[in-house]
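A.B. asks: These are the residues of each chain, in order.
2 protein chains.
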Amino acid sequence: MTRTRLSLFDTTLRDGQQTQGVDFSGDDKRKIALALDALGLDYVEGGWPGANPTDSEFFANAPVLKHATFTAFGMTKRAGRSAANDDVLAEVANAGTPAVCLVGKSYDFHVETALGITLDENVANISESIAHLVGLGREALFDAEHFFDGYKANPDYALRCLDAAMEAGARWVVLCDTNGGTLPDEIAEITGAVARRLPGDRLGIHTHNDTETAVAGALAAVDAGARQIQGTLNGLGERCGNANLVSIIPTLLLKEPWASRYEVSVPKDRLPGLSGLSRMLDELLNRAPDRHAPYVGAAAFAHKAGLHASAIIKDPTTYEHIPPEAVGNERVIPMSNQAGRSNLLRRLSEAGISAEKSDPRLSRLLQDVKDKEDRGFSYDSAEASFQLLARAHLGLRRKFFDVERFRVTVERRHNAMKNLVTVSEAVVVVNVDGSRFISASESLDEAGSDQGPVNALSKALSKDLGKYDAAIADMRLVDFKVRILSAGTEAITRVLLESCDGEGRRWTTVGVSANIVDASFQALIDAIDFKLHRDTDR
Amino acid sequence: MTRTRLSLFDTTLRDGQQTQGVDFSGDDKRKIALALDALGLDYVEGGWPGANPTDSEFFANAPVLKHATFTAFGMTKRAGRSAANDDVLAEVANAGTPAVCLVGKSYDFHVETALGITLDENVANISESIAHLVGLGREALFDAEHFFDGYKANPDYALRCLDAAMEAGARWVVLCDTNGGTLPDEIAEITGAVARRLPGDRLGIHTHNDTETAVAGALAAVDAGARQIQGTLNGLGERCGNANLVSIIPTLLLKEPWASRYEVSVPKDRLPGLSGLSRMLDELLNRAPDRHAPYVGAAAFAHKAGLHASAIIKDPTTYEHIPPEAVGNERVIPMSNQAGRSNLLRRLSEAGISAEKSDPRLSRLLQDVKDKEDRGFSYDSAEASFQLLARAHLGLRRKFFDVERFRVTVERRHNAMKNLVTVSEAVVVVNVDGSRFISASESLDEAGSDQGPVNALSKALSKDLGKYDAAIADMRLVDFKVRILSAGTEAITRVLLESCDGEGRRWTTVGVSANIVDASFQALIDAIDFKLHRDTDR
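One line per chain: the protein sequences are A and B, in this order.
Going by this note's numbering, the first residue of the first sequence is number 3, and it counts up by one from there.
Going by this note's numbering, the first residue of the second sequence is number 3, and it counts up by one from there.
Quick caveat, the hints were computed from the structure, so don't treat them as lab data.
What you were told as hints is all true, and nothing was included just to trick you.
The list makes no distinction among identical chains, and a pair is therefore deemed to hold if it is satisfied within one copy or across any two copies.
Using 35 Å as the maximum straight-line C-alpha spacing, the simulated DSBU-like pairs for lysine-lysine come out as follows:
1. 469 to 420
2. 374 to 401
3. 154 to 270
4. 420 to 372
5. 420 to 401
6. 483 to 372
7. 465 to 401
8. 483 to 420
9. 465 to 420
10. 154 to 257
Since this is a predicted model, take the numbers as computed values, not measurements.
Chain A with its partners taken away, still in its complex shape (with noise of 0.2 Å):
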């Protein structure tokens, strides 16, 4: 049987955008359009140009996409002027961008209540706006805000809306649930009832979760014959979120009857990549994953039940519908650490750690890992604490030097200008192989500004390490993550720090407290002490 071909567009950098609290930088949307690419996707939507200086930057220094085609969102042109004169539209194709999606209006209330227009106004600022587009030889798709509110109200109108988008050469047109509120049943319906007339494949589908069924309505449209998806990495998006594409794909390429019957861009083997994407959105956006996020969650495949875990194990099939590796997942059965251990082994070696298969310290390191991660460490991100935590249960840690106190001190007050001045200050006393070392230092930056407690700890750490001094002189502190975890009643801090050597190696080591201070401080001793093992090992 052959598969019919869905395309699939990303909209995490513009509808994802619009989500509270979320405010991507030009360097995270570019890191996000560049995981979404190697992903497969079809079209990467980045934001609307000229909207905001973010989105104004991220265009003028777009990634270079190797697959998908990068895609500027704006909205038809206003009525009163043409599409070359209207500058809002201007700013959008001048993104240069191959693609542009423009939202218009379909639905007569909001074309009279919220423009103020007539609906022919309407009807031309859509076909105009598509035609200008499609003159400056650019790939146009129509978003149809509000289109099935719009067709309930008024079909022909909603209709002629999307016609005249069509007819002015628009690639795609796409029915936007953009309240949330359409249920499957009725987004099914509707689409029928659009996809009997117009090629199925120039229709798309946009939904929202506000009735908690936007995946479901995504693909109730496409069994009615809607041929492209519009959704998010995680859901991203105002309100309650969009549809969400890392729900969305896995259940488009495993799970019948959609895996034969219809063909995706993104490749199959790509498909365990997708639990790091869905969490390296949440690291950028400082979020915690939701654990029991459909197939990428830490819960997704965990069993609690003790009947569950024991046919588990007897079958994996008998209580999960996907093997959790098919997205990169796995599968969690507490008290058991069959799996756990093979991991731990494979990641030794792949850190040049040797250990033997039956080595009962493997049992201690990895019932360590388990307990400090349940205590907020995170060794996945932090790969060189774990090789340091691992060096230390196999006896393969060497002491460089010890940390015999520190006091940091941040203090707000007049200066002698009377300006209101904040300044930060760190004494530590360090030992190295018997010699003991006092170093203070400030946190002034070049400019002479405060830059705060970790970073006057770092100076003062760094400062003075004896005959190691050579081996550190070139380290630097590249990123600094926190994060506040609850664990039981405790709220308590988890530090991530990301430094680098003037050979551009990268290394990130974790700290974790209900003191700041401290938790940063075992990270930087960390960060020094991985630097230290390894160009001393050489």
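Fit chain B to the given chain A structure using the hints.
C.D. replies: Using the frame of chain A, we list chain B on its own:
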């Protein structure tokens, strides 16, 4: 048109308890059961009597429900003994609940692989167990585990299991998608096939969220003829959770065609209690509520984009699929980069801050918000800091106190017992109405463990504010979020603090600085200032 009656069955206290990290106490269970009863559900399943000490205690001290049928969960008897002699079933029956729901197999593969008994033995177990309960005068329900997978593998056998339960007197037979892998279209197809054989008003549906379609799957089953929905509050449940009743109930009551087609036991006028019920569950579990939860999430009716916000002000139905107050939620039009002037006016009026539309100070406020957001402040998360900033621009911010200076110290050293300890300490000098107060605080929790510099600073700040001591006495920090942002080449720290008071009110403030202690200080000052403005304005 006569509406068809649907039955709502809650399993938060049984299947919801399978969630990783969830361990209800008996008191938690009593509170939740009473709240579910007050909302008006038909069945409240309390747990499995005999399976663990908590459940046994809970059934021994069961709450008295006014409306809902209190239900115990168990499994069909084992082979090789009579129903009366099965000790597991006896414990369930002895709990004395008016209804009992028994799970049993309906998938031939599981009967033979997991149970290791013959297909006939399994049918006899179902039949005899149900008949035993009915004989004791109980209402019996049969949860057919893995029904959809079983039906696909061997429809005759799966149906034979349902028939056995039905003929033995089960009030309901419930089709369970135990793995959560069946998609809504297939659920509809199979449920439809079953409904053509069995009376619909004895057919239930039980779905899981492993493909993010649990809610849609339950609705699809109802469409195909099922008349009971089993689910949990907030979609709690093993792996990715169960069908979320908090999303299903408002859909059935408020959305068409559901509302005119079906009748449920929850009265529409109790629906405004839903948001509170959802948050109460998170409160009991000590979890942060999901801001993006459909219907009840804090962001479910939050409008970020300037375009949407200005339309919302003209007519809320333009971007809202239901009125937020129908489910006890509220509209939020946060301030952010993308917000315009109309958004600002709306926000001010909701905060009780009056301003003339033409007031030129509004433009300066808007510009200040934008400038600060470019420097990392996020007023869409920190509503309280936004209000203080607005008050400052409009000449409405009072000066309650002034911090002359502070000093925070974190020290790590050996104590008298030669253990390494970390100690944080803060000293603050505050002026209130010309009086000077100096306060010092350590940062130790009840167990004597150090909680870090921000905690010490917070304690010292609130220790002595002279005549305002009473006003801030009931205030405490409930959440602390830190994000490192890059602004140009500099790394800066954004701190978001959530505070609450004795009346359960919560507010969030923000601070931004290269120095994390300084950023926290700004947010702390705003938190206290907000409380004083509100409580002294009353």
